[in-house]
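Engineer: Produce the entire structure from the sequences given, and follow the hints as far as they go.
There are 2 protein chains.
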Amino acid sequence: MTGITIGIDMMGGDYAPDEAAQGIIRYLAKSDPALDLVLFGDEPALRTLLPANLLSSPHISIAHAPQVIGMHEHPLKALKEKSGSSIAVGYQWLAAGKTEAFISAGNTGAMLVAAMHSIGVIPGILRPAIGAVMPNAEGGAAILLDVGLNADSKPAHLDQFAMLGSLYARFMLGIQQPRTGLINVGEEEGKGNILCQATYPLLKNNPELNFIGNIEGRDIFSGRADVMVTDGFTGNIILKMAESVYGISAAKKISDAFFDRLNFEYYGGIPVLGVAKPVIIGHGISTAIAFNNMIGVAKKMIETGLPERIKNAFAAYPAA
Amino acid sequence: MTGITIGIDMMGGDYAPDEAAQGIIRYLAKSDPALDLVLFGDEPALRTLLPANLLSSPHISIAHAPQVIGMHEHPLKALKEKSGSSIAVGYQWLAAGKTEAFISAGNTGAMLVAAMHSIGVIPGILRPAIGAVMPNAEGGAAILLDVGLNADSKPAHLDQFAMLGSLYARFMLGIQQPRTGLINVGEEEGKGNILCQATYPLLKNNPELNFIGNIEGRDIFSGRADVMVTDGFTGNIILKMAESVYGISAAKKISDAFFDRLNFEYYGGIPVLGVAKPVIIGHGISTAIAFNNMIGVAKKMIETGLPERIKNAFAAYPAA
Numbered sequence: 084m085t086g087i088t089i090g091i092d093m094m095g096g097d098y099a100p101d102e103a104a105q106g107i108i109r110y111l112a113k114s115d116p117a118l119d120l121v122l123f124g125d126e127p128a129l130r131t132l133l134p135a136n137l138l139s140s141p142h143i144s145i146a147h148a149p150q151v152i153g154m155h156e157h158p159l160k161a162l163k164e165k166s167g168s169s170i171a172v173g174y175q176w177l178a179a180g181k182t183e184a185f186i187s188a189g190n191t192g193a194m195l196v197a198a199m200h201s202i203g204v205i206p207g208i209l210r211p212a213i214g215a216v217m218p219n220a221e222g223g224a225a226i227l228l229d230v231g232l233n234a235d236s237k238p239a240h241l242d243q244f245a246m247l248g249s250l251y252a253r254f255m256l257g258i259q260q261p262r263t264g265l266i267n268v269g270e271e272e273g274k275g276n277i278l279c280q281a282t283y284p285l286l287k288n289n290p291e292l293n294f295i296g297n298i299e300g301r302d303i304f305s306g307r308a309d310v311m312v313t314d315g316f317t318g319n320i321i322l323k324m325a326e327s328v329y330g331i332s333a334a335k336k337i338s339d340a341f342f343d344r345l346n347f348e349y350y351g352g353i354p355v356l357g358v359a360k361p362v363i364i365g366h367g368i369s370t371a372i373a374f375n376n377m378i379g380v381a382k383k384m385i386e387t388g389l390p391e392r393i394k395n396a397f398a399a400y401p402a403a
Numbered sequence: 084m085t086g087i088t089i090g091i092d093m094m095g096g097d098y099a100p101d102e103a104a105q106g107i108i109r110y111l112a113k114s115d116p117a118l119d120l121v122l123f124g125d126e127p128a129l130r131t132l133l134p135a136n137l138l139s140s141p142h143i144s145i146a147h148a149p150q151v152i153g154m155h156e157h158p159l160k161a162l163k164e165k166s167g168s169s170i171a172v173g174y175q176w177l178a179a180g181k182t183e184a185f186i187s188a189g190n191t192g193a194m195l196v197a198a199m200h201s202i203g204v205i206p207g208i209l210r211p212a213i214g215a216v217m218p219n220a221e222g223g224a225a226i227l228l229d230v231g232l233n234a235d236s237k238p239a240h241l242d243q244f245a246m247l248g249s250l251y252a253r254f255m256l257g258i259q260q261p262r263t264g265l266i267n268v269g270e271e272e273g274k275g276n277i278l279c280q281a282t283y284p285l286l287k288n289n290p291e292l293n294f295i296g297n298i299e300g301r302d303i304f305s306g307r308a309d310v311m312v313t314d315g316f317t318g319n320i321i322l323k324m325a326e327s328v329y330g331i332s333a334a335k336k337i338s339d340a341f342f343d344r345l346n347f348e349y350y351g352g353i354p355v356l357g358v359a360k361p362v363i364i365g366h367g368i369s370t371a372i373a374f375n376n377m378i379g380v381a382k383k384m385i386e387t388g389l390p391e392r393i394k395n396a397f398a399a400y401p402a403a
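So the protein sequences, as listed, match chains S and E. With positions in the first sequence counted from 1, the corresponding number in this note's numbering is that position plus 83. With positions in the second sequence counted from 1, the corresponding number in this note's numbering is that position plus 83.
Everything labelled a hint here was simulated from the structure, so no lab data went into it. Just so you know, not all the hints are guaranteed correct.
Because identical chains share one entry, a pair is satisfied inside a single copy or across any pair of copies.
Stated by the list, open to error - In the EDC-like style, the derived pairs of lysine to aspartate or glutamate whose C-alpha atoms are separated by at most 20 Å in a straight line are: (1) K323 - E272; (2) K382 - D119; (3) K383 - E348; (4) K160 - E271; (5) K113 - E386.
Structural biologist: Structure (structure tokens):
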């Protein structure tokens, strides 16, 4: 054992468990010895999917979890009725410290509800958020949040999203003083909807942030900000619209570094920020590429100690 | 005189008056005899810009309006202090019936405030909206509204935006039963933020609409809806993000019919819907292409009698 152990839900997503298995094979082809993987799913099925060398590897173990929570099941109901599901068992291991991160491309609602109930929210966090790494046309990338967990957000939530995003940009994207922008419909202070008007002064006065002011829709891909803060409604529309631009460019066989990076699989998945341990939710249509990249992101979240850093930051600077 | 007379603010926009003049030259090169143009601006300056054949044309007249409302001036204050501005005089002519439509790439706020005060809002309309024609990857286009007039919208406003958009799609885009979608973060009824949850039943129960339910960020370019309804905050972010995608693809010299149509100049400008007469606001950076297309859109709004049709529809089906 190396100290880095990541749990993977093998039953989540439209292409489970095959693509999850292929993603693991892909990741391990880079032969990362500093990693142990625990695969949650139906053991007999998984044994037929993985090659003998992986099944006999001391770094791979299977935790039998034969039940599956479907993509459209009611999260709370499904979790109650399916205690043997890959998501439920995966979180049991994470909460018990037997794994250090958990990855799933399964039912997003179930992943979030289970996170709250098992590992819990970091003290001081009003609402966890989910973030998406968005590429820009300058070759860099920013973290956009919230992308859908909080359809209705309040100013204090956005202030916290800004802090969560800044910590992500700093430790995961390697940007020392992340430029943090508030997504709005005008540049000057005082512009925008009621939410943004009330949020602006909070961000401006938050000493933990390098706040650069409002940014607009045209700045999403411009590289102006490293952290793009918005409510979960707007963030989700932006994310899905960006994904669709990739889909269109791919269908047209446009080969370009920027449009290619709009492929959600490039960044792998969506980290849940504000919960006590690293959790990554993949797109329902994740393939091996996404699983491979999600393992890399989860590993980095463990190595950088991101949840602990978030905990310390929120202890030092509680909610506005 | 032919009965179709369009007023153009020659002093609005970053490239005024040159690009407005070039746009007119471009439009008239197609020699549309069924059109008279009134140009509002500094007469001596305009006389140096336009060729002799246009200046001597019975279809072109200049209304001297030497003052200019700058792009960043406070709308109400500027209108009060500059009664000789091209925007103020342009609306005086429109309100008096001496022109039938008004086009400007100038100060958006001033254009809207002046519209309310001069020609006024159609009875029953709670809030006018501005709409953007958005191309889709299937070769068609939809009207997206509101794109920025109402940063905070209420369910009844969105219901009216849906009606305004449907009428625009029907008479301007030629779509008989425009499929009207509510931009949201989930497909099923009951999903989304508080605004969308409350708006959904209004749209569903509005007999004037062909409501197809919620649409998501990935549907903006998919061609699923002909009318895409949203609040002015979300709509503005979507519009500017779409414009930036064009900017990126143009900078990369990607030549593609869809990405090319994301150029805002292709559709010319943003119609103001819900005011008593056709008004079109252009992008501040409009060039001749945009002015040329705005003239065409204004002409069609007059020919189809769009404001009158809106008036009749709202008289028959008042606010929810």
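Engineer: Indicate, hint by hint, whether the structure satisfies it.
Structural biologist: Evaluation of the provided hints:
In the homo-oligomer, the alpha carbons of K323 and E272 lie at most 20 Å apart only across protomers (19 Å), although the nearest pairing inside one protomer, at 28 Å, exceeds that limit. For the homomeric pair K382 and D119, the shortest alpha-carbon distance inside one copy (10 Å) is at most 20 Å, but the shortest distance between copies (68 Å) is not. In this homomeric assembly, K383 and E348 come within 20 Å of each other (Cα to Cα) only inside a single copy, at 17 Å, whereas the closest approach across copies is 44 Å. For the identical chains of this complex, K160 and E271 are inter-copy neighbours only, at 18 Å across copies versus 46 Å inside a copy, given an alpha-carbon limit of 20 Å.
Only within a single protomer do K113 and E386 lie at most 20 Å apart by alpha-carbon distance; the minimum there is 18 Å, versus 66 Å between protomers.
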